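A.B. asks: One letter stands for each residue in the lines below.
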Amino acid sequence: MAIEKFKYDNQLTKCFAYATLVWGLTAMLIGLTAAFEILWPQVDLGLEWLTFGRLRPLHTNAAIFAFVGNGIFTAIYYSTPRLLKTPMWSPKLGKINFWGWQLVIVLAAITLPLGITTSKEYAELEWPIDILITIVWVVFGLNLIMTMVHRRTKHIYVAIWFYIATFVTVAVLHLGNSMELPVSFFKSYSLYAGASDALVQWWYGHNAVAFFLTTPMLGLMYYFVPKVSNRPIYSYKLSIIHFWSLIFLYIWAGPHHLLYQALPDWAQALGVTFSVALIAPSWGGMINGLLTLRGAWDKVKEDPILKLFVVGVTAYGMSTFEGPMLSLKTVNAISHFTDWTIAHVHVGTLGWNGMLIFGMLYWLVPRIFNTKLYSVSLANIHFWLATLGLLFFVIPLYFAGFTQALMWKEFTADGYLQYPNFLDTYLNIRPMHMWRALGGTLYLTGAIIAVINIVKTVKSGTFVRFEEDEAEVEVAHNAEDKGWLGHRTLEGKPLAFTFWVLIVIIIGGLVEFIPQFIQVSNKIETEEGYAIQKPYTPLELAGRDIYISEGCYNCHSQMIRPFRSEVERYGDYSKPGEYIYDHPFQWGSRRTGPDLFREGEKGGKQNRPNAWHYEHLMNPRKTNVQSIMPAYPWMATKDIDMDIIPAKIRAMQTLGVPYPDGYDKIAVEKLKAQAKVIGDDLRASGIKVDDNKQIIALIAYLQRLGSDRSGTNDVDKYISLK
Amino acid sequence: MAEEYKDFRKEQDYEIDTLTNDRLIKDHVYDGIRELDNDLPPWWKWLFYVTLVFGVIYLIRLYGFQAPDLIQDVEYANEMKQAEQENPTKNTEIKYERLTDAASLAEGKKLFATHCAVCHGPDGGGLIGPNFTDDYWIHGNTVEAIFGVVSNGVLEKGMTPFKDVISPKQRLQVISYVLSLHGTTPAKPKDPQGDKLDWPY
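Residue numbers (our numbering), protein chains in the order written: chain A, 1 to 722; chain B, 723 to 923.
Don't read these hints as lab results, they were simulated from the structure.
Only a predicted model underlies this, so the values are computations on that prediction, with no experimental measurement involved.
Take the hints with a grain of salt, since some may be wrong.
Simulated pairs of lysine-lysine, DSS-like, Cα-Cα distance not exceeding 27 angstroms [said to hold, decoys possible]: (1) B:K832 - A:K409; (2) A:K722 - A:K688; (3) B:K803 - A:K622; (4) B:K879 - A:K717; (5) A:K622 - A:K665.
DEER-style ranges, computed between Cβ atoms [what the hints assert, rightly or not]: (6) A:V625 - B:A867: 25 to 33 angstroms; (7) B:Y771 - A:W49: 25 to 33 angstroms; (8) B:H904 - A:F186: 48 to 56 angstroms; (9) B:I860 - A:S710: 19 to 27 angstroms; (10) B:K885 - A:W384: 52 to 60 angstroms; (11) A:S375 - B:Y771: 46 to 54 angstroms; (12) B:I860 - A:S720: 32 to 40 angstroms; (13) A:R621 - B:K817: 37 to 45 angstroms; (14) A:K7 - B:W768: 42 to 50 angstroms; (15) A:L45 - B:T742: 54 to 62 angstroms; (16) A:T445 - B:E808: 29 to 37 angstroms; (17) A:A673 - B:Q915: 26 to 34 angstroms.
Note that the Cβ used here is the ideal one computed from N, Cα and C, for glycine as well.
With the hints as constraints, model all of the structure from the sequences given.
C.D. replies: What follows is the structure, encoded as structure tokens:
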């Protein structure tokens with residue numbers, strides 16, 4: 001075979017690397033702002049765009065898709081051509097991938113603060129942006145696959161396997177979870193409702209962690225750890241086994257986010273067992289990363305890049321042990337809805353993702369600028385700040401999560417809740433949140449130092465746009481080696497490899513979804529008392545959309561678990577049939593404030609008068625001086641959007657919500673009738689408010705929550721034609 | 723598995739890594755990255771087997787035997803049954819007497835801050851709920867009358883029932899504290915509501 005000469009184009013690597021740094025700092029800054037808002041809600045400056053409920057999704061999206069997203073594209077566009085000995089197939093598609101991805105991020109940064117959101121965690125972006133994401137992702141995948149087709153090497157390396165799994169699975173997850181019915185350009189409703197929506201969402205949410213924050217990072221690790229250390233991968237066989245077991249098992253584990261919630265026991269059990277089975281496959285990655293450094297530990301002591309890698313990979317091992325532990329029902333009963341989860345995910349993002357990405361950039365930027373890293377000691381300082389920042393961030397949060405959960409569950413000797421006022425349980429952990437903010441500040445300081453170091457490095461060198469390389473085309477290379485179970489043959493067939501990945505990752509989701517969907521529709525038709533929910537009135541629906549838009553779900557759950565402590569505090573525990581018209585579901589994942597599911601049950605534990613809700617929403621400090629909830633004064637001046645109401649009703653009818661035929665035509669009239677009753681009640685308490693304001697709709701929604709089961713509401717007249 | 727795996731590769735397919743003496747697979751070279759042919763660490767393999775066995779037993783216990791600790795409705799029923807046995811005295815009878823000792827009033831003050839201040843103001847001057855410092859009362863001003871309101875609530879006005887939240891003794895303490903506010907001067911008193919009643923104490 002003849003040796004061929006070709007060039008790698010470093011342009012995209014450079015662009016993605018810059019974007020990683022810019023968005024990384026942005027994501028951390030937003031996160032830190034949100035951390036301070038929890039301590040002092042006034043940090044939002046009274047601006048609706050900056051309230052915690054709107055910033056938190058921006059932070060998570062920026063950290064996952066903007067920071068880590070650009071980081072993994074940097075790794076993929078740098079390593080893929082070199083591993084396959086060919087330039088990326090299409091520079092044009094690469095460019096579309098880059099600019100399209102940045103456009104998605106900018107649109108997220110605009111729409112999320114404006115309250116344009118689907119409320120599905122890490123999938124909050126509305127449907128037009130979802131379509132844009134799909135296009136960009138297909139462009140990326142096409143370029144990856146075609147580059148493999150045009151490769152010169154016979155086989156594809158394990159890093160590429162993980163890139164394939166990333167492309168295929170994220171595509172499936174994004175399409176599956178973003179199934180939504182548009183109502184307007186900025187608003188859509190999830191096709192799924194209640195428990196089914198929750199199941200799909202956490203299939204997505206959990207596997208966004210798996211296939212956006214884990215598999216591409218493993219690919220990154222498999223390329224950069226051996227490159228930087230100049231050591232061989234510890235075990236090829238382990239690569240094969242942990243790759244396939246990881247991607248097969250991960251997809252099943254989503255229900256562990258819904259333990260003790262209104263999801264059937266059989267589905268929860270799958271979440272538990274598959275999560276526990278994930279320990280070994282995850283640790284396979286950690287072992288292959290760390291043991292690759294055998295024989296090079298002396299280098300680790302001196303090289304800040306390897307130090308970052310070692311701590312990052314160790315953080316991966318810790319969080320993938322912790323994850324399965326949190327999936328055990330007994331542990332989850334304590335950890336869920338608390339800061340424990342927040343600590344857990346930050347071991348992953350700050351440790352595993354952050355440290356590997358910065359380590360990669362320290363190695364890669366000097367190479368494409370044909371220079372040396374500006375300052376090794378600055379990189380060392382960054383390493384220590386990042387490590388300390390991580391520890392100061394997560395250790396107090398573990399403590400806070402554990403403490404608050406125990407306070408929620410503690411009873412007096414007489415059999416009453418020891419801490420019936422939810423706020424008391426928060427005030428107790430507030431000092432821990434100060435430590436967390438300090439940890440975040442340290443980590444961000446480290447990242448700023450890293451950016452300065454990299455900027456100085458860039459300035460000291462000259463950009464090498466094209467790098468020359470040469471290789472022979474290895475078509476018939478070692479063809480008789482079929483490998484273990486024919487795997488070596490499969491490594492020579494990237495399209496077949498991609499196909500098998502698709503098959504392996506699709507099984508778990510289907511086995512969980514199909515019985516759940518069938519079971520729900522059967523129960524609605526046959527089981528008496530299952531469908532206890534009535535459709536929302538138009539006013540409540542409008543209020544619900546305000547609840548979604550303000551991101552209330554970021555701090556308030558709507559899911560009372562079957563524990564004595566929760567039933568005592570909030571009322572009867574949640575039943576699956578109470579959520580069947582919830583498009584989308586609003587179960588939440590963290591209780592910074594109390595659960596709201598039975599808020600509307602008259603005579604219930606949580607019920608409050610309309611006037612209380614009004615005063616509390618206008619200024620939570622008025623009803624409780626230590627409250628940390630943001631104030632929402634604009635709700636009393638902003639009008640309810642009446643024009644969209646008929647379209648919303650029709651959309652709900654399309655989704656199967658049983659409003660009578662022709663109801664959309666009288667929906668606004670019904671809305672006004674109900675609003676007047678609430679408005680009159682508020683005015684009777686001396687509050688000056690007009691019926692057409694958003695706050696009326698939100699109060700109507702809150703006063704409805706969880707009340708159908710006890711029948712303590714009178715909404716029938718608002719949802720019938722009469 | 724391991725035996726079969728080794729069979730297809732011959733000695734000449736390997737090189738030796740000088741730092742670890744492990745075997746490098748000769749034709750596995752990707753952009754200079756080499757791969758060793760190390761076997762799976764035995765502890766890792768066992769860890770995997772154990773977690774798989776755990777999963778199988780777990781699923782059999784649920785699907786095959788409906789294990790009570792894996793069905794959440796059953797778990798809940800058991801937890802409530804146990805709580806009932808442990809707290810048989812939850813709603814004991816008490817005497818409707820105004821308490822005047824300092825300890826009870828201090829306890830009542832704490833309870834007031836936790837439960838009542840959100841609606842009746844931190845100094846009892848009224849906010850969403852009525853003012854406690856004036857001579858006007860909507861549902862009566864005896865301990866017994868107020869005890870009924872605190873225990874069962876006034877649903878149509880939004881007063882929450884507290885019978886499942888605080889014990890009868892605590893209710894008595896907080897009511898005694900409320901009565902002690904009578905005649906004080908709050909910062910922002912709410913306008914009178916209800917009827918002017920004689921002071922019984």
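A.B. asks: It remains to establish, for every hint, whether it holds in the given structure.
C.D. replies: Hints and how they fare:
no., hint, verdict
1, B:K832 - A:K409, "holds (20 angstroms)"
2, A:K722 - A:K688, "violated (30 angstroms)"
3, B:K803 - A:K622, "violated (40 angstroms)"
4, B:K879 - A:K717, "holds (22 angstroms)"
5, A:K622 - A:K665, "violated (40 angstroms)"
6, A:V625 - B:A867: 25 to 33 angstroms, "holds (30 angstroms)"
7, B:Y771 - A:W49: 25 to 33 angstroms, "violated (53 angstroms)"
8, B:H904 - A:F186: 48 to 56 angstroms, "holds (55 angstroms)"
9, B:I860 - A:S710: 19 to 27 angstroms, "holds (25 angstroms)"
10, B:K885 - A:W384: 52 to 60 angstroms, "holds (56 angstroms)"
11, A:S375 - B:Y771: 46 to 54 angstroms, "holds (48 angstroms)"
12, B:I860 - A:S720: 32 to 40 angstroms, "holds (35 angstroms)"
13, A:R621 - B:K817: 37 to 45 angstroms, "holds (39 angstroms)"
14, A:K7 - B:W768: 42 to 50 angstroms, "holds (48 angstroms)"
15, A:L45 - B:T742: 54 to 62 angstroms, "holds (58 angstroms)"
16, A:T445 - B:E808: 29 to 37 angstroms, "violated (51 angstroms)"
17, A:A673 - B:Q915: 26 to 34 angstroms, "holds (28 angstroms)"
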